[in-house]
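Q: Here is how the chains run, residue by residue.
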Amino acid sequence: MTVRRVADRLIARPEVGAALGALAVFGFFSVVTSHFLSRLGVANWLDDASTLGVMAVAVALLMIGGEFDLSAGVMTASTALVTALLVTREGLNIWPALGVSLLFALAVGAFNGLLVVRTGLPSFIVTLGTFLALQGLNLGVTRRVTGTVQVSGLRDRAGFTSAARLFASTVNIGGTEYEISILWWAVVTAVAAWVLVRTRFGNWVFAVGGSAIGARAVGVPVARTKIALFATTAFAGWIVGAITLLRNASVQANQGIGLEFQYIVAAVIGGCLLTGGFGSAVGAAIGALIFGMTRQGIVYAQWDSDWFQLFLGVMLLAAVAVNKAFRQRAERAA
Amino acid sequence: MSDRRTGRRRRAGVVAAVLAGALALTGCGSGSSSKPEAGGATVAASPSSLHFAVITHGTAGDAFWSVVKNGAQAAGEKLGVSVDYRSDGDPGAQAKLIDNAIAQHVDGLVVSMANPDALRTSIQNAVHAGIPVITINSGEQRSAEFGALTHVGQDEGIAGEQAGTRFKQAGRTKLLCVIHEAGNIGLNQRCDGAKRTFGNTTTVQVDISNPTDAQARIRGALEADPQIDAVLALNSQIAAGAVAAAKAANSKAQVATFDLNTDVVNAIKAGDLVFAVDQQPYLQGYLPILFLQLYKENANTVGGGKPVLTGPAFVDKANVDTVATYAARGTR
Numbered sequence: 001m002t003v004r005r006v007a008d009r010l011i012a013r014p015e016v017g018a019a020l021g022a023l024a025v026f027g028f029f030s031v032v033t034s035h036f037l038s039r040l041g042v043a044n045w046l047d048d049a050s051t052l053g054v055m056a057v058a059v060a061l062l063m064i065g066g067e068f069d070l071s072a073g074v075m076t077a078s079t080a081l082v083t084a085l086l087v088t089r090e091g092l093n094i095w096p097a098l099g100v101s102l103l104f105a106l107a108v109g110a111f112n113g114l115l116v117v118r119t120g121l122p123s124f125i126v127t128l129g130t131f132l133a134l135q136g137l138n139l140g141v142t143r144r145v146t147g148t149v150q151v152s153g154l155r156d157r158a159g160f161t162s163a164a165r166l167f168a169s170t171v172n173i174g175g176t177e178y179e180i181s182i183l184w185w186a187v188v189t190a191v192a193a194w195v196l197v198r199t200r201f202g203n204w205v206f207a208v209g210g211s212a213i214g215a216r217a218v219g220v221p222v223a224r225t226k227i228a229l230f231a232t233t234a235f236a237g238w239i240v241g242a243i244t245l246l247r248n249a250s251v252q253a254n255q256g257i258g259l260e261f262q263y264i265v266a267a268v269i270g271g272c273l274l275t276g277g278f279g280s281a282v283g284a285a286i287g288a289l290i291f292g293m294t295r296q297g298i299v300y301a302q303w304d305s306d307w308f309q310l311f312l313g314v315m316l317l318a319a320v321a322v323n324k325a326f327r328q329r330a331e332r333a334a
Numbered sequence: 001m002s003d004r005r006t007g008r009r010r011r012a013g014v015v016a017a018v019l020a021g022a023l024a025l026t027g028c029g030s031g032s033s034s035k036p037e038a039g040g041a042t043v044a045a046s047p048s049s050l051h052f053a054v055i056t057h058g059t060a061g062d063a064f065w066s067v068v069k070n071g072a073q074a075a076g077e078k079l080g081v082s083v084d085y086r087s088d089g090d091p092g093a094q095a096k097l098i099d100n101a102i103a104q105h106v107d108g109l110v111v112s113m114a115n116p117d118a119l120r121t122s123i124q125n126a127v128h129a130g131i132p133v134i135t136i137n138s139g140e141q142r143s144a145e146f147g148a149l150t151h152v153g154q155d156e157g158i159a160g161e162q163a164g165t166r167f168k169q170a171g172r173t174k175l176l177c178v179i180h181e182a183g184n185i186g187l188n189q190r191c192d193g194a195k196r197t198f199g200n201t202t203t204v205q206v207d208i209s210n211p212t213d214a215q216a217r218i219r220g221a222l223e224a225d226p227q228i229d230a231v232l233a234l235n236s237q238i239a240a241g242a243v244a245a246a247k248a249a250n251s252k253a254q255v256a257t258f259d260l261n262t263d264v265v266n267a268i269k270a271g272d273l274v275f276a277v278d279q280q281p282y283l284q285g286y287l288p289i290l291f292l293q294l295y296k297e298n299a300n301t302v303g304g305g306k307p308v309l310t311g312p313a314f315v316d317k318a319n320v321d322t323v324a325t326y327a328a329r330g331t332r
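Chains as they are written, first to last, in our numbering: chain A, 1 to 334; chain B, 1 to 332.
Don't take each hint at face value.
So, partial list: chain A residues that the calculated Cβ filter (under 7 Å) puts toward chain B [claimed, not checked]: (1) D48; (2) L139; (3) T244; (4) G258; (5) V299; (6) Q302.
Pair ranges (Cβ atoms, derived) [unchecked claim]: (7) A:E90 with B:D99: 42 to 48 Å; (8) A:V145 with B:G89: 19 to 25 Å; (9) A:P221 with B:K252: 56 to 62 Å; (10) B:G147 with A:V100: 50 to 56 Å; (11) B:G171 with A:L273: 56 to 62 Å; (12) B:K78 with A:V145: 19 to 25 Å; (13) A:R39 with B:R196: 35 to 41 Å; (14) B:N250 with A:A223: 49 to 55 Å; (15) B:K168 with A:L128: 48 to 54 Å; (16) B:A74 with A:G174: 51 to 57 Å; (17) A:V314 with B:N100: 27 to 33 Å.
Source of the hints: derived by calculation from the structure; they are not laboratory data. Keep in mind it's a predicted model, so treat the numbers as computed, not measured. Glycine residues also receive a C-beta, built at the ideal position from the N, C-alpha and C atoms.
Please build the complete structure, drawing on both the sequences and the hints.
A: Pasting the structure below:
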């Protein structure tokens, strides 16, 4: 009886389906390929999942709060471009440049949030507008300033080495180099999970996503909560922008386009509902992990690359199906 | 319904052709009477009324097309003709841009043909309207058939073959060719070309808009097959990822790339990249404007029925310093 109750409560957790899906994907590629489980292999798919994971966790919080952010993908390029242009054109040290691009990100995030709560328009539309506007700015400004669409040549600039240590170095564990972005992913996930489950702000997020009117009635600051959530996805975009920029020492104006949907998919795999009010940060991180393992697993399996997207699509659909089946069982049990 | 539409279009085409012919005649008349006295050196200074449109399939933000655009605009400024650059990656939208330019009665059209069939009607309409067309970059095989004056570009197959030969001469035995845009015919032709001269070649598919994932995927491919000792990237930014991937995977693979940027130049200097295949996009923007002006003002044609090849040019340790300065300003 108690075992049954524990099992039911476990299944009711949004991330359990995703965890089982992740186990399935992990098991599958571990058996099918010989390098997936090697230390180099693990470091590789963890790295692939890491930047996606940082974004997916922030996007999950926003989705639980009942909103979407389509500008999240492009934001990773915008912040990197702001940093890179300030460093290469204005001769700024990379640290203050990172500070300015962080302010820029938070401003855009707050703008998204403000527009959504003030106009009452769906965030899908508002952030689609920001997405297009940022895409145009990225391209227009970069071309106007540099004459090309890439900003490069950061490697020998002041502050690059120390900033790269924080955002783009590797950590040696047992002879294998792990990208530090994996640590960022873990930290962001832990902080987000703690905020969501243990703080008052976390309660507000669930409340505004479940029912904004109901939340307002019991005194939850709906507008402030939503604006903070949009600022959070922008902040995550800044982290990923910094990671990508410092790793490649260059940024291309069309980077990040289309990735916003991957963030949403990862969050959904992780148990977030598209309607808001339900989901988990850990689940979104696991969703990103499934993405990373699948993408790299396919390469390790040396399957014909022409079929790549098909494999990816089928794997993701399977993961979502497993997740949904578990949630439904949980809902029946409850 | 559709018959009437084609009929109307044909009539419009005839009217446009007559108009264009009349304009060309008056243009020719005034040009031949005033220019010779002015002398060759001042031709560029005396503002010509010629207006050319460059319409490509390049997506906004692609480094390669940015250099093409710079080339076309530089030619426009230097030759004193006005040049409009427009692009759309969607073939249907690109065709509409061409129709639009025809409606504006431009004096010449430069078109890249990644998808020739989708552009066929629009290009033929331009030709019927008396607008000279030069195709660039891709679509070499269909260029003459559609009535274009000439084609300016690189034969992707030949470029791939030469890259393959270079790896073979370096004693390499297994090649990984990295395709960064699914379904791009030119990229596939490069890999096929490399395979013809090199032999043992596999491909991997990555996404250009996600550098982290691209790097991880190349790394995965190298780990999965340690026999790979050569990597051919087809884009300058993918090249940086490929170098990092080879290092992370402890692979001894040599990495080379298509197309240049500052990072590629620095990587060649540092010995991380063995060579870059440069199809000189600046020429693909610059030359057609020059050719169109020569055609309009001197009835010259170039190529003699064959394409004008802008590449492959190779950049390696021997010539990288010269090229570096030009890459930095966005013209190489």
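Q: Run every hint past the structure and note whether it holds.
A: Going down the list of hints, with the structure as the test:
no., hint, verdict
1, D48, "holds (4 Å)"
2, L139, "holds (5 Å)"
3, T244, "holds (6 Å)"
4, G258, "holds (6 Å)"
5, V299, "holds (4 Å)"
6, Q302, "holds (6 Å)"
7, A:E90 with B:D99: 42 to 48 Å, "holds (43 Å)"
8, A:V145 with B:G89: 19 to 25 Å, "holds (24 Å)"
9, A:P221 with B:K252: 56 to 62 Å, "holds (59 Å)"
10, B:G147 with A:V100: 50 to 56 Å, "holds (53 Å)"
11, B:G171 with A:L273: 56 to 62 Å, "holds (57 Å)"
12, B:K78 with A:V145: 19 to 25 Å, "holds (23 Å)"
13, A:R39 with B:R196: 35 to 41 Å, "holds (38 Å)"
14, B:N250 with A:A223: 49 to 55 Å, "holds (52 Å)"
15, B:K168 with A:L128: 48 to 54 Å, "holds (49 Å)"
16, B:A74 with A:G174: 51 to 57 Å, "holds (55 Å)"
17, A:V314 with B:N100: 27 to 33 Å, "violated (41 Å)"
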